[in-house]
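4 protein chains.
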Amino acid sequence: MTAATTTNHWVLTLVCADGPGIVHDVSGAVVAARGNITESQQFASTDTGRFFMRLQIESPAERAEFEAALAPVIQRFDMTWTLDVVGRPLRTLVLASTAGHCVNDLLFRHRGGQLPVEIPLVLSNHGTLRDLVDFYDVPFEVLPVTDAASKAEFEKRVLRAVDEHDIELVVLARYMQILSPELCEALAGRCINIHHSFLPGFKGANPYRQAHARGVKLIGATAHFVTSDLDEGPIIEQNVVRVDHSRSPSELVAIGQDEESRTLTQAVKWFAESRVLLDGARTIIFR
Amino acid sequence: MTAATTTNHWVLTLVCADGPGIVHDVSGAVVAARGNITESQQFASTDTGRFFMRLQIESPAERAEFEAALAPVIQRFDMTWTLDVVGRPLRTLVLASTAGHCVNDLLFRHRGGQLPVEIPLVLSNHGTLRDLVDFYDVPFEVLPVTDAASKAEFEKRVLRAVDEHDIELVVLARYMQILSPELCEALAGRCINIHHSFLPGFKGANPYRQAHARGVKLIGATAHFVTSDLDEGPIIEQNVVRVDHSRSPSELVAIGQDEESRTLTQAVKWFAESRVLLDGARTIIFR
Amino acid sequence: MTAATTTNHWVLTLVCADGPGIVHDVSGAVVAARGNITESQQFASTDTGRFFMRLQIESPAERAEFEAALAPVIQRFDMTWTLDVVGRPLRTLVLASTAGHCVNDLLFRHRGGQLPVEIPLVLSNHGTLRDLVDFYDVPFEVLPVTDAASKAEFEKRVLRAVDEHDIELVVLARYMQILSPELCEALAGRCINIHHSFLPGFKGANPYRQAHARGVKLIGATAHFVTSDLDEGPIIEQNVVRVDHSRSPSELVAIGQDEESRTLTQAVKWFAESRVLLDGARTIIFR
Amino acid sequence: MTAATTTNHWVLTLVCADGPGIVHDVSGAVVAARGNITESQQFASTDTGRFFMRLQIESPAERAEFEAALAPVIQRFDMTWTLDVVGRPLRTLVLASTAGHCVNDLLFRHRGGQLPVEIPLVLSNHGTLRDLVDFYDVPFEVLPVTDAASKAEFEKRVLRAVDEHDIELVVLARYMQILSPELCEALAGRCINIHHSFLPGFKGANPYRQAHARGVKLIGATAHFVTSDLDEGPIIEQNVVRVDHSRSPSELVAIGQDEESRTLTQAVKWFAESRVLLDGARTIIFR
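Residue numbers (the UniProt record's numbering), protein chains in the order written: chain U, 1 to 287; chain E, 1 to 287; chain Y, 1 to 287; chain L, 1 to 287.
One or more hints might be untrue.
Straight-line C-alpha distance at most 20 angstroms; calculated DMTMM-like pairs for lysine to aspartate or glutamate [stated by the list, open to error]:
id, chain 1, residue 1, chain 2, residue 2
1, Y, 203, L, 232
2, L, 269, E, 279
3, Y, 203, L, 131
4, L, 203, Y, 231
5, L, 269, E, 251
6, E, 269, L, 231
7, E, 269, U, 244
8, E, 269, L, 232
Just so you know, the hints here were simulated from the structure itself, not pulled from any lab data.
This is chain U alone, in the form it adopts within the complex:
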C-alpha cells in the first residue's frame, strides 16, 4: 500500500459566531486528520460578532477522513464551511460585451497558469471578442440583447450554463447589461463585477466622463460582488492611478482599463483561492 505517501493540500474556510475555544478545537480536528497547518488566517468581526478562519493544511488524509474529523467541530460551533484542494481550478463563466481588456487579461493569465480557474464558456451579447476568445481555445457564444425578451433569453442561458457546467463563479468582464434582480439573487455571493470607477465615487454610467468633469486627480476601479442594489455590492478589491488635468475623457478610459483588468483578475484569483469571505455588506480578504 502506498496511499500514505500521498500528501493532499487542503484549503479550509470556517465561519461561525465568535467565542472561546474555536481555534483549539479546529486545530485539534486538524491533528486528528493527520494535518499540518501551512497557512492560517482568522478574523473576529466586531461589526457582526462573526469569526472567520482560513487554513491551508497538508495531510495524507482523503476528503472522507478529513470531513469526519471536522464534523464534530462544525456541529459544535454551527459553522458554515468549505473544504477544497489547494489549486483546484474554479469553474468560471465569463460574461462579456465588446470591450476586450478584462477578458484578455483573464484568459492570458489563465493560460499562463497564474489564475486557478477553468473557463468552459465565454458568453457575450456581442460577437466582437470572438477572435480573441477563439485564440485561447475557449468556447464562445453570442446571444444578442436588444429588448426585454432577448435579455430574458440571455439570462436564461446564463442559468442553464451555470447548471450545465456546474459553474462556481460568474465574472462580469465589462458585461454592459444590468442583471435582473432574479439573476442577482440566483448568483448571490458567486458573481463578481468590475466597476470602472473608484466606488462609491462615481456610480452609474460613464464614470470617466464624470471624473473628468469633476477634475479628480486619481481614477480607479472596483471589483465587487453583484447584488440587486446596483454598484452597492460588497467590495473585494480597488485600485487607483494618478491622472492630471490634461487627460481627456477618452484618455481616462484607456488609463482606467488597466486598473479594471488587474483589479478584476485579482478579485477572481482571491475568490478562486477561497480568500474572500462575506461579513454582511463587507468582505474579509485573507490575502
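Starting from the structure of chain U, add chains E, Y and L where the hints point.
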C-alpha cells in the same frame, strides 16, 4: 552702476481665450523684458476654450519694466494674469479646531523652509492646539463657536484678519465648521479645505465610518477649493492608502490623517507657487 | 482649392544649448508656419546646460513649409530636432525569448489602438511564443542562439531586419541574451530593455531570488535604454508593487511580471510619442 | 472578589522549528489560561524551516498564570517567545543629529497617542534639535562627536542610557554616524535605522545625488535593523514616491524626507507592537 548684476526670478501666470500666436507674443514680451524662461507650462482646455500658461523667468528687470513689457500682450489677448517673485512667502491664514495633524504638518514644513508661506495667525474655535502653535512662534487666537451669533463673530474675525494681514490664502486645516455662503463667496478661489475622504466618495460627516461600513479597500483625502456647494469645490490634490477589513473606524481615522496632512500641505505648496489655476469646476495644476 | 481645409498635427522636438530667446524664436517659426501650439513642454538641464523642448502644433502647413519655417531657428541655435505627424505608428522590432507577458501586452495594446507602433516582425531565439504572435497576425521568426556563432547570426538578422523594415525602435521584451557591444552601439538611443528589478537595486541574473533573499518589501521593474554598460543605460520608467515575507521567489516572479509588462509598454508608448529625450545618462520624459 | 472582572489583553510571539501540532498545543495552552484569541498570524518559513506565530489574547489571567500555562508548550517545541500587554509603551531611545523630520514625526505621533512608545531620552551629536525636543517635553542631551575618542564616549553614553532606562529599542532617526561593530552587536535586533534610499539601490553617502545622476523615476526610504554590515541589515519597511527629471538633488532630499519619516515611524510602530520577527536575514512582519 551695479543694477544689471541683480537677477530677479519671476513667476508669471496668464489665462485667456485660446488662439494662435499667444506663446510667440508672450515670449516676445519676455525677450523685451530681458528675460530667460527657466520653466514653462501651458494647457489649452477643450472644455472651456481657455488657454493657461505659467512661466518662471530670470531677468534683471524690475517689476515696472516687466509689467510694461507685458502690458500690450495682456491687453491684446484680454488676459487674467499674476506676476510674482519666485519663493515669496504667501500670506496665509490658518483656521483650525481640535485636530493637530494638519496644523503641525503645515507649521513644521513652514519652519523647515519647505513651504513658501508666512502665517501671521492661526485662528481656532478651540484652545486645544495652543501649545503646538506657540511652539512654532505663530500667533494663536481662540474664538469659540457655539451658536449662530458666535459663528457670525468668528467669520467676521476671519474677514478682519484677511484685511489686517493682507491674507492671500485661507487654509481650513481640519476646521470643523461649515463656512457661510457669504464667507465662501468672499474667499472664492483663495480658500482651501482638506476633506477626510477620497471625494466624491464619502461626502458629509464621518466618512471613515462610512468607509468602514462599505468595506472599501483604499481610503484617502481630498484638498479642494471651498465653495458654497459643500464638498463640491474644485479638487486640487488627492491621495489614497490601502486598508483592509481588520481596520476599525478609529484606525481608519489615524491612517487617514497622514493622507490628510500631506495632501493639504501639497495643495498649499502648489497654490503658494502659483501652480494652481481654475478652469471652471476643474483645476489646472502645473506641477 | 481645398488644401487649406486640411489640418496637420505635428510633434516637434528640439534640443540645443540653453540660452535666451529660444522660445520666442521657435514660437515665431511656428507662427510663420501658420501653426497653433496645442501642447508644449520644455526643460533646461542644469546638469548639462542643454535645453529641451517638445511641441504639438496644429497647422495647415505640409512638411516642406514647416521645415522651411524652422530652418533658420534650427541653424541659429544649432539644434538637434525631430518633426513627425502626431500618432504616426513607429516602426518597431520586438525581440523575445520564452516569456510571453511583455509581448502579449505590447501586441494586445497595439491591436487595441492604444500603442502607436507598427510591428513588422517579432524575432525570437525560441519558438515558444509562435501561437501568441500568430494570433495577432504579426510575422514571427525564430533563430536559435546556442553559441557564439548562432548569436552572431541572430544579431546580424536583427540589423538586417532594422534595415529592411526601416526600424525606428528595437524592444527587448524579455529577450534573454546580452547584446554585443557592437549591436548596442548600432542601436544606441533606439533600443529599450525591460529589467525585472527596480534598478539599480538588483542587477544581473535572478533579481527576484535576490529580492526574496534580501526580504525587500517592494519589487519593481525598470525600462531603460540599452547601452553596452549592462543594466546601466538611461532609465525611462520604473514601477514597484508591495510584497511581504510570505511570497516565494516564484510568486515574486509572477507579481513582478505585471510590473514588467506595464512598465515596458509605457516606455514604448512615450518613446513612440516623441516624449523621451536623452540628457547625458538621464532621460527627460515629457509626459 | 472582583479579580474575575479584569480582562488583560496579551500579545504573544512564538518562534520554533516548524512541525505538526504546534497550533493545537498553543491554542490548548491559551484555553488553559482562560484566553480568547482575538488576532492570530503565523508563517512557516521554507527558507529556514522556522515557524513564527503572533497572537493577541484576551484573558482574565495574570502573567504568572499565563506563563505557567504556556511553559510546557514552550519547552516541548523549544520556543523563543515574548509575552507582553497590548499597547504597553516600548522604552525607546532616539539618536539624532541635525535633521528634524524623523524626530518630529516620532514625537508628534507619540504625543498624539498613535505610537506605543515612551521616549526617556533623545541623544544627539548636535544641539540643533533642542527646541523641537523640548517642545515635546522629552529630555534632550548633546554629546558632540568630532573624533574617535568623542565617538567612543557617545557610544558609551548610548549603552549607559540603554541600561539606565531599560531601553528596548534604539532608533537612529537620521543619526549621521556609523555605529561601531561592538555597538551594533550589543544592540542586535533592537536597533532600527532609516536609510534615505530604496535599498539595495543606493548605499553609502548622498543617495539622493546618486539617484539624480542616475535619473531614477522613483525615490524611497528603507527602515532596517542595524547590523555591522552597513546598510545590509534585515529590511522592515520600504516606501517610494514618484519623481521626474525636473527635480534637483535638493528637491529630491525634501521629497525623500517625507518617505523617511513615515517609513521609520511605521517600522517603530510595528516593532513596538511585537509585529516584527527575524528569520535569518529577512523579517517577518505580522501587519
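Hints, verified against the model:
Restraint check: the Cα-Cα separation between residue 203/Y and residue 232/L comes to about 16 angstroms, which is no more than 20 angstroms; the hinted pair holds. With a CA separation close to 43 angstroms, the supplied pair residue 269/L and residue 279/E exceeds the 20 angstroms bound. A distance of roughly 44 angstroms separates the Cα atoms of residue 203/Y and residue 131/L; the hinted pair therefore is violated under the 20 angstroms criterion. Proximity of residue 203/L to residue 231/Y is assessed by CA-CA distance (about 17 angstroms); at most 20 angstroms being required, the pair is judged to hold.
Pair hint residue 269/L plus residue 251/E holds up; C-alpha atoms about 13 angstroms apart against a cutoff of 20 angstroms. Taking the CA atoms of residue 269/E and residue 231/L, the gap is near 33 angstroms; set against the 20 angstroms cutoff, the hint is violated. With a CA separation close to 17 angstroms, the supplied pair residue 269/E and residue 244/U stays within the 20 angstroms bound. Taking the CA atoms of residue 269/E and residue 232/L, the gap is about 36 angstroms. The hint is violated against a cut of 20 angstroms.
Checked against the numbered hints given earlier, the structure breaks hints 2, 3, 6, 8 and satisfies all the rest.
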